[in-house]
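A.B. asks: Residue numbers (this note's numbering), protein chains in the order written: chain C, 10 to 281; chain B, -6 to 242.
Worth flagging that the hints you see were computed from the coordinates, not collected in a lab.
We put the beta carbon where it would ideally sit given N, CA and C, even for glycine.
You may find that some hints are simply not true.
Listed below are several chain B residues computed to face chain C (Cβ distance under 10 Å; list not exhaustive) [what the hints assert, rightly or not]:
{"#": "1", "residue": "7"}
{"#": "2", "residue": "42"}
{"#": "3", "residue": "61"}
{"#": "4", "residue": "63"}
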Amino acid sequence: MSDAAVRGRGTHRVAAAGVVAGAVLLLALLGLPIVALLLRGGVSGLGQLGSDRELRAALWLTAQTATVATLLAMLLGTPLAYLLARGRMPAGALVGALLDLPLLIPHPVAGMALLLAFGRASPAGAALAQIGLAVVGSRTGIVLAMLFVAAPLYVSAAREAIARVDERYESVARTLGDSPVRAVWRVTRPLAGRGLVAAAVVMWARAVSEFGAIVILTYNPKVASVLSYDRFTGEGLDAALPVAAVLVILAIVPLLVLRSLRAGTALGEPAR
Amino acid sequence: MIEVESLHARAGAFELRDVSFSLPPGAWGIVLGSAGSGKTTLLETIAGVRRAASGRVRLRDSDVTLVPPERRGVGIVYQHALLFPHLTVEENVCYGAHDPRYAVALARRLGAGELLARGVRELSGGERQIVALARALAPQPDILLLDEPLAAVDAQTRAEMQDLLLDLAKKYDQTCVLVTHDVDEAVYMADRIVVLSKRPTTVVADLPVSLPKPRDQLQTREDPAYLGLRHKVITLIRSMRAGAATQES
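Given these sequences and hints, build the entire structure.
C.D. replies: Shown next, in the form of structure tokens:
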């Protein structure tokens, strides 16, 4: 073997070792805090579920509000995702940028923006309060905060799921007698269905984990993330750990659902 | 009857420019043109799934330029079949049918009887095309648009399908537009051959075909008129390619 070939192989080994070391370092940075949290608080957190009424109430409230926010995002966001996916949204680039904005601004700032727009002093907030949907210190506020920070994730993922379905399927359905809406319902919806469910799961998980925007709008009643923060500031790390660990365990559920959805066949791919 | 008048349409890089031709009821119009000449865009504009920028599409003596596809009574078969992958073959065939029993009987006649219970992912390319054809014919449209529907089938099946398509069209008095690259297929099936140029797409030639009917795979293809027309079309396409090559150089 020539000297050049030996040097080349040595360089390749060094590069491969560097890649592996980098990956291990990153995985350790991501995994160690989670493992530490689960080891310190996991067992006691699950144990407290039976005895800690406040924790149970916070988890229930979190699940309820995240579900409502997700359903609202599906209802309002799916048609928008469709229009964006098919390039039929007027000023689509602007709308896309607007949807990205909530993902980029710090979430407490999002909470302040919501407070300005829908707080008691604002016309919209006053109108909502009149019909029993006061935003500050209420479930409505929690849902609104969750919707604001997590709905863009749903719309973005739903748009990708719909875009993966060949538009010509709808064209064929229309020549077979379907109206535009019926073609979408009978063809695009089932073909994009798995992706839409995955988008909803991502949104739900993000809504469950939201803290910054919610804490500005609604400290009480407490969702799980606010309860965790409340116990940390009021009683210290040990008191907050069980709540935090339960939240991590809860996050694993949508993760498993997502993985099972992604493992399935991608129906939306055009037939070959 | 199909009448396309000064049609302009655009789909991405494809552009139809001032395309005009007409077909009387029950006729076969064959569209010939090289890849990228906008043949599919033309069919989609006739079907109404793509909007015309200007010009008119008239079907059955009515201006349908602004009529949505579901109200045009036009069947379309795409080159890649585009069967709905979440449905079985039978569900595909019956999708737009007014009478599912007729759809199933038609599928059997086309040779897809044994495929009915299968998922579309289990089908070969040729089987997909046959099922797509059955699906398009099931609502009994009197206008059929076919985008290279026989490209994926073997030579023997292709010949049989050509005759079957001609038979069905005659039986149901269908007016058909068939896009193909195959000059032999074009001359064999045509009442009229429309040759399109490459981008922007314009009509280069509109040739009437007066070969006797019914056509026969042996007799028709040995007819001097068939051979003469075939020669004429191939010469025309060669001269178009030579012209395009000269322009590019």
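A.B. asks: Indicate, hint by hint, whether the structure satisfies it.
C.D. replies: Here's how the hints hold up against the structure:
1. 7: Since chain C brings no Cβ nearer than about 14 Å to residue 7 of chain B, farther than 10 Å, the hint is violated.
2. 42: Nearest chain C Cβ about 4 Å off; hint holds.
3. 61: Constraint on residue 61 of chain B satisfied, holds at 7 Å.
4. 63: holds (5 Å)
The structure fails hint 1 only (numbered hints given earlier).
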